[in-house]
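Based on the provided sequences and hints, a complete structural model is requested.
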Amino acid sequence: MRPASTGTIIHGVAVGEVLGVSALAGARLIAGERGLGRIVQRLNVMEVPDILAWVKPHELLLTTGYPLRNTPQSLDRLVADLDERGLAALAVKPGRYLDRLPAEMAEQADRLGFPLIRLPDGVGFDDILNQVLTDILNRQAAVLARAEEAHRALVQVVLAGGGLREVTAEVAGLLGVAVAVLDRGDRTLAAAGPAEHLAALRSAPEGSRTSVPVVAGGHHHGRIVACGPVGSIADSDVGILERAATVAALVVTRQEAVNAVESKYRADFLRDVLTGRDGDPARVAARARTFGWELERPVTVLVAELDPGGDERAAQDRLPACWAAAVRRHDPRGAVAGFSHEVVAVVDAAADVARLAKDAAAAFAECAPATFSTGASRTAPAVEGLPDAYGQALKAARVGRQLHGPGAVAHFDQLGVYRLLSLVGDTGELHAFVRETLGPLASDDDPENADLRRTLQVLLETNLNVAETARRLHFHYNTLRYRIGKLERMLGGFTEDAHLRLNLTLALHVLRMRGI
Numbered sequence: 001m002r003p004a005s006t007g008t009i010i011h012g013v014a015v016g017e018v019l020g021v022s023a024l025a026g027a028r029l030i031a032g033e034r035g036l037g038r039i040v041q042r043l044n045v046m047e048v049p050d051i052l053a054w055v056k057p058h059e060l061l062l063t064t065g066y067p068l069r070n071t072p073q074s075l076d077r078l079v080a081d082l083d084e085r086g087l088a089a090l091a092v093k094p095g096r097y098l099d100r101l102p103a104e105m106a107e108q109a110d111r112l113g114f115p116l117i118r119l120p121d122g123v124g125f126d127d128i129l130n131q132v133l134t135d136i137l138n139r140q141a142a143v144l145a146r147a148e149e150a151h152r153a154l155v156q157v158v159l160a161g162g163g164l165r166e167v168t169a170e171v172a173g174l175l176g177v178a179v180a181v182l183d184r185g186d187r188t189l190a191a192a193g194p195a196e197h198l199a200a201l202r203s204a205p206e207g208s209r210t211s212v213p214v215v216a217g218g219h220h221h222g223r224i225v226a227c228g229p230v231g232s233i234a235d236s237d238v239g240i241l242e243r244a245a246t247v248a249a250l251v252v253t254r255q256e257a258v259n260a261v262e263s264k265y266r267a268d269f270l271r272d273v274l275t276g277r278d279g280d281p282a283r284v285a286a287r288a289r290t291f292g293w294e295l296e297r298p299v300t301v302l303v304a305e306l307d308p309g310g311d312e313r314a315a316q317d318r319l320p321a322c323w324a325a326a327v328r329r330h331d332p333r334g335a336v337a338g339f340s341h342e343v344v345a346v347v348d349a350a351a352d353v354a355r356l357a358k359d360a361a362a363a364f365a366e367c368a369p370a371t372f373s374t375g376a377s378r379t380a381p382a383v384e385g386l387p388d389a390y391g392q393a394l395k396a397a398r399v400g401r402q403l404h405g406p407g408a409v410a411h412f413d414q415l416g417v418y419r420l421l422s423l424v425g426d427t428g429e430l431h432a433f434v435r436e437t438l439g440p441l442a443s444d445d446d447p448e449n450a451d452l453r454r455t456l457q458v459l460l461e462t463n464l465n466v467a468e469t470a471r472r473l474h475f476h477y478n479t480l481r482y483r484i485g486k487l488e489r490m491l492g493g494f495t496e497d498a499h500l501r502l503n504l505t506l507a508l509h510v511l512r513m514r515g516i
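Under full-length UniProt numbering, the first residue of the sequence shown is numbered 1, with each subsequent residue one higher.
It should be emphasised that the hints constitute simulated quantities derived from the structure, not laboratory data. Yeah, the Cβ is synthetic: ideal placement off N, Cα and C, and Gly gets one too. Just so you know, not all the hints are guaranteed correct.
Restraint ranges, calculated between C-beta atoms of paired labels, are given here [stated by the list, open to error]:
id, residue 1, residue 2, range
1, G161, D426, 16 to 22 Å
2, N259, P281, 39 to 45 Å
3, V424, V215, 30 to 36 Å
4, A260, H220, 17 to 23 Å
5, T462, A325, 44 to 50 Å
6, A282, D388, 18 to 24 Å
7, T427, A325, 33 to 39 Å
8, H220, G95, 56 to 62 Å
9, D186, D426, 48 to 54 Å
10, P67, G124, 52 to 58 Å
11, T462, Y265, 51 to 57 Å
12, T462, T379, 15 to 21 Å
13, L502, D186, 53 to 59 Å
14, D317, L250, 16 to 22 Å
The list that follows gives simulated cross-link-like pairs (lysine-lysine, DSSO-like), each with its CA atoms no further than 27 Å apart [as the list claims (entries may be wrong)]:
id, residue 1, residue 2
15, K358, K395
16, K264, K395
17, K395, K486
This is how it looks when you write it as structure tokens:
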């Protein structure tokens, strides 16, 4: 059991409308005409001098002036204090306790746009309270009833199998304005309403549109936006938009569940293809076409593998979506599927692989600090070549990360000797080879070691061309000759031993491979 709630008044009537009730037939607006549009949601009666501690925003305050009869000078500041606290208006019944209202009080009311009302002598506060509160509650009930009716209609749309298009059409019909559902990237998922308002909705500045977020399961999926002629969307219409956003969240959640099942089928199929377990190539190609994929053409396989670190759970959800969007832009017939910590894409061999990976990384940036490394295969001319191409792309992604760190993009053909070195499973043996070959240069205990390794690397790259090496390193010729002598004393006579030069080259390559 839980106690019943009295609810919260969120709608009201304007001060100008309050003056139209029968109990206020003889009332007169003294000042503050600019504030007749202020909303009255509740009423209060001033019975004590320190009323400011008890007032609330959007109140119509009634008083006879009795609490201030001995200090009429307090009226000079009263209007400013009430306005500061967000009250709607002040209604005073002078005469018995208050002869007249100070001129300064009316001046303040006009300056602040705060309605100051003189009540007729014969009206009772209970009549005003009864009539105005009844009007407010009736208005509140009508708004709630309209919102509930709209909610029932929207739920029926969903129960009948409708989607976002049908939801927006229902809301547009209820409000008579243009309504659209936008995703997190402000792309329109569905829209309905008068054509002229739809055009305004797409071009109108943010402040001229009414927007409500679409949230489900703690995730922000976008927003529902309404746009119409100025003043056509009332505050009461926001309640309908909020209910529409709730229903839209149900539709989005339902679609996500369907997409998750479809994604699993696509991923299982593509995994079987890439591991060579799916059998006849013609059957594979035919089934791929049911997913909108074209595998009967020269293609490149891409593997995007999450780098260690970062929020893996959020990244695993986001990575496939980012790659799917990027592949759609570069190759609408390309295949994309998520496999645990990686995403595999099969795209046209003519596609710009580097640009595609860059677009996916840009979309994935919101998951920072999580990153992914991308590997690209050689061209696979037919379905039969996809398993080999997948292995090449996976190798390129992992070796590329070792060479260049997280976020690397590498092509299998660019790996060269690193491809062979990556096949060595015993990293301890690689470490031993580096230490035996480079000796003291294998470590950075001495700050000069890195500089000497750079000199050695350039010497090997230029095939011991001393003049070219000096030019690249900006050394004097004699300085370089001195360094060569020092290197030979540390490493042996590599200038005369081709086999030693090969070992040194391989050792420097191993050092470049991160994670070894």
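Query raised in the report: Looking back at the hints listed earlier, which ones does the structure fail to meet?
Result: 1, 2, 3, 10, 12, 17
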